[in-house]
Amino acid sequence: MAGTALAPGKVRVKTTSAMRGHRSRIALVNAVPVTVFLLVLFVYPIIGVLSLSLKGDNGAFTLHWYADALSGANLSVLVSTLRISAETAVLSLLVGFVLAHAIARMRPVFAALAMLIVVVPHFISALVRTYGWIIMLGEHGLINSLATSVHLPGAPYSLLYNETGVVIGTTSVMLPYTVLVLQGVMRGVDGRLLAAAAGFGASRFTIFTRIYLPLVAPGIGTAGLLSFILCLGYYITPALMGGDKQTVVAALIDQQVMKQDQWNSAAAFGVILLLLTFAGLGVLGLAKLRRKKTAARRSSS
Amino acid sequence: MMELPATRAGHVGRALSATAILLFLAMPIVIILVTSFGTDGIGTFPPEHYSTRWYEQMAAPGGNWATSIALSSLVASLTTVFSLVLGVTAATALARGRLPLHAAVYGLVLAPMLIPQVVIALGLFLFFEPAGMLGSPLAIALGHTVLAAPIAILIMISTLKGIDERLEDAAASMGAGRMTIARRITFPLATPGLIAAAVFSFITSFDEFFIAQFLSTPDTRTLPVLVFNALQFDVDPTVTAVSAVLIALAILALALVALVRKLGGHRNQQGGVLPVEPLT
Amino acid sequence: MPERTHTINTGRLSADELAAVLAPQSNAPTGKSLSVRGLRKSYSGTTVVDGVDMDIAAGEFVTFLGSSGSGKTTTLMMLAGFTEPDSGTIAVDGRDITELNPGKRDFGFVFQQYLLFPHMTVEENVAFPLTLRGVPKAEIRRRVGETLEAAGLSKFAGRKPRELSGGQQQRVALCRVLVYRPPIVLMDEPLGALDKKLRDQMQTEIKSIQRELGLTVIYVTHDQEEALVLSDRIAIMKDGRIEQFDTPRGLFEHPRTPFVADFLGAANFLTGKVEESTADGSTPVRLDTGGVLKARAHPCAPGQRVRAAVRPGKLRLVSAEESCCSGTVETAVYVGSLTRITVRLDGAAPGTAPLRIETAAAPPRIGERVCVTADREDVSVFDESDGG
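Residue numbers (the numbering used here), protein chains in the order written: chain A, 1 to 301; chain B, 1001 to 1280; chain C, 2001 to 2388.
Isolated chain A (complex conformation) (with noise of 0.2 Å):
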C-alpha cells in the first residue's frame, strides 16, 4: 500500500499556510490604500488644523486663538449653536420616536413604505431639502397659507430666518438617523414583556414608563447622542434657514476663512468643534462599554 513511500510517524512542523494562507499579510495589504488616504487626507490635515489654532501670528504658541473664541460675541455664537443642537437632539428624539414607535406596530407593507419616506430624504441633497423648508414655512407657504386659511390664532407665523426655522430644518436632516436608531432597539423589545405587565393589572402608562422605556432607553440615548453630535458642525440649514442672530460655529469658521482670511481662529473654533464631538463620542462609547459589561456580566452569573 502507498504507505510505505512515507516513513511513519514523520513529523514536520509548517509554518506557511496552504489555502487560506497569508491571511494576515494580505489583509495588511489591502489595508494599505485606505489608512494612507485617511492619514494624508484626514488626519494630517485636521493635525493641521490643531496646530494652526495653536500658532500666533508671529507663529510661537499660543492660545490666543482659543481665548478670542470663548469669550464675548463669539461665546455667544457657540453657545447658540449648543444651544440649538440640544433642541434639535430632543425634538428629533420627540419626533422620531412618535414615528418609530408608529412604524413598529404597521402593518409591514405601511412600514416600508413610512420608512422609504424617512430614508429616502436622506439621499437628496441637504440644499435642496432646506429648500423645500424654505418655500414652505415662507410667510406665503404652505404652512402660512393654511394656518391663515383655518384662521388659527396668530397666523402667519414667522417660521424662517429664526431658530425655529433653523431647528425644523436640523431636526428633519436629523430624523433618519433618530428613526433607524430608535426602530433598532424597539424592534428588540419582547411584546410579550408588556403582555405579562398588563397581566399583572398594569396601566397602560405604568407600563410604558416603567417596562417599555427603560428597554428602549440605550437607544434613546444613542440617537439623542448621535443627533446632538451630527448637529454641531452643521451648516447648510443654518445659513439658509438662520436669521442674523442664528450663526453657527460653522458659519462663523467659514465667514472667518472665506471673507476675513482669520484661518487661525477659525482653526480653533473647528478644535473646539473636534474637542465637543469626541466628547460626545466618548459618552456613547462608555455607555455602549457598560452595557457590554452588564450583559457579560448577566451572561456569567
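The reader is advised that the hints may include incorrect statements.
Stretch by stretch, here's where chain A covers chain B in the computed footprint (C-beta under 8 Å, at least three residues) [said to hold, decoys possible]:
# : segment
1 : 1102-1115
2 : 1124-1137
Straight-line C-alpha distance at most 30 Å; calculated DSSO-like pairs for lysine-lysine [what the hints assert, rightly or not]:
#  : chain 1 : residue 1 : chain 2 : residue 2
3  : C       : Lys2207   : C       : Lys2196
4  : C       : Lys2104   : C       : Lys2207
5  : B       : Lys1161   : C       : Lys2104
6  : C       : Lys2137   : C       : Lys2155
7  : C       : Lys2155   : C       : Lys2196
8  : C       : Lys2155   : C       : Lys2207
9  : C       : Lys2155   : C       : Lys2197
10 : A       : Lys292    : B       : Lys1161
11 : C       : Lys2197   : C       : Lys2160
12 : B       : Lys1161   : A       : Lys293
13 : C       : Lys2273   : C       : Lys2314
14 : C       : Lys2160   : C       : Lys2207
15 : C       : Lys2155   : B       : Lys1262
16 : A       : Lys288    : B       : Lys1161
17 : B       : Lys1262   : C       : Lys2160
18 : C       : Lys2160   : C       : Lys2104
19 : B       : Lys1161   : C       : Lys2160
20 : A       : Lys259    : A       : Lys245
Everything labelled a hint here was simulated from the structure, so no lab data went into it.
Backbone N, C-alpha and C define an ideal beta-carbon position, used for all residues, glycine too.
Given the coordinates of chain A, work out where chains B and C should sit on it, guided by the hints.
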C-alpha cells in the same frame, strides 16, 4: 404571538401622528418638484401656471448651471473611482483578513462620518491651498473621497460578509485558483454591493457642499456651491429646477440600487449606508 | 440494496445508470489509495486531532464516525487541504500531497451545506469544474447534459440553486463533483440537512455510484446507521484519535474498546475478575454480582479485574443448570419482532443499571427468576482501566 392589544384610540393616534410626520418629511420635496414646473418660480404654492422654462434655463449651454453640472459630474466620477478602489481593498482587509489593529483601522474609517465636516473642509483647505490646488477638480474629488470612501467601505464590508466564504472553498476544491475564484465567484456575487457603493459614492460627492465650497474658486464651482449661492444671495428661480433634478437623481440612484439588489437575489442587508449600525 | 434503488428512482434513471454515464470506458477502478501518517492539529492549545494514521485502499468507502468534537471533520478538512495540519503527512497513491492546495489534490468535496454557486444556474454549476480543466465547450455541454440527465435534473438545468429543494440541491452538488471524475471524493455529512426518507434514498444512490465507479470515498457522519449502510470500513473517532478502524461487522462483533462497544449499538457492561482459563480457550470472568460469564479468548492474567461487554441481543435466558448469572425480571416490553427485558442480577449494587436483553423467544413474566448467559464469542473483555 402574545402582545398587548392596541386600543382604538392608541391606534388612531399613532396612525394620525405618523401620517402627519411623514407628510411633513415628504412635503418639502414634493413642493420643490411641483414648484419647479411653475411659471413664476418661487411664488405661491401651488403655482398658477406651469412651464418648463426653468429647466430650459438650467440646461442652457455655456451657462453657469451647465458648467457646474459638468464639473460636479467630473468630480463625482473621480470620487467614485477613488472610493471604489479604497472600498474594495479596505473591505477585503476588514471583512476577510485577520488584520492586526483591526479596531484602529475600522475606527479611522468611521471617523470621517462623525467628525464635523467643517473641520474636515478647513483641514483640506489648509492642505491644498499651499499646493495651489484650490479649484482643482482633483483636489475636490480627493476631499469628497474622504467622505465617500467610508460609505463605500461599509457597503463593501457588509457585501463581503454576506458572501459565504465556503463557496470560495468549494471552488478551490474543484481546482480553481485564486484569480479564477475572484473573477468567477467573488466578483459576480459582490456586484450588487459594488454598484451600491459606486452609486452612493457618486451621490455623496454630487451633493456635497462644504468641502467643495472651501476648495472652490469663483471659476470652479460645483453644483451645490452654485445652488447655495443662488439660495443665499441672488434668488434665481432656476434653482428650483436644479433642485428637482437633484431629487430625481437621488431617487433614480436609490431605485437602481434596489433593483440591482433584487436582481442579485441573494439577500444583502440594507445596512452600511448610515453610520448608525456600527454605533449601536 | 439494488431492489431499493429500483423502487426509489421512479421517473428517472437509476443511480447505476448515472454511474454508467460517468464511468470511463474501462472497468478498472478509478479510485486512488490514500495513506495518512501522524496527522495532528490543535487550535490555541486544544488538541483537536491527535495522531491519525490510516491506509485507505483504492475504491474503498471509508467513514469517519464520531460525535461532534471527535475530530472527524477536522481530519477530513486536513485531507481536503482546507485545514493545515500541525504535523503529519497525507499521500495519494504514494505521492505526498500534504503541502498541496485543495484544488491541486484533484479531490472532490461534497459539503453539508451544498455550497452551490448562487449566481450560476444548475447547468453552470455542474459545468464549473470542467471549465476550470479547459475541457472543450462541446464536451462540457455533453458531459453536463448526460450527468444532469442521469441524476434526473435535466428539467432544472436552467434554474438557480435557490429554486431547488434541499434534496435536489444536494444532487446537483454531487453531480458537480462527479462530473470531473475525481479519484477520491470527500463528503462532509452531505445528507445531514435532509429528512430521513430522502437521506435513505440518497445513501443508496451514493453507494451504488461509488461502487460502480470504483471511487475512493471518505465520508464523515455522526449517524451510525448511515455509516453502517455505506461503509466498507468505519473509523470510530473519539477525542481526536481513531478508536478503532474496521469493517462494520468487525466493529460490531469485536469492539476493541468499551467506547466502541457502547457507541455502535448498546452494550451491557459487567465488572468482574478473570479466573483460571479453561481448556476450551475461553476467558471465564467471575462477575462481581456472582456467577461466571465465559468470554472469548483475551490475553489477561487470572485475577485481573476486567469489564465484560455483551450486546442486549446476545444475552440468552437459560435454565439454571448451566453456568449462568441469576436475577429477576424487572420489565418486559414487547416491541414488535422482539421483547425488551431488563433483568436485575442478584447481588447488583443498588442504583446500577439492570441488564438489557432483547429476545425473540417467549418472554418471561415480570418478577420471574431467570438465569442469563451468552456465547463466549459474543462477550468482549476489556481491562477495567479502559475508559468508555
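Q: Mind listing which of the numbered hints don't hold for this structure, in increasing order?
A: none
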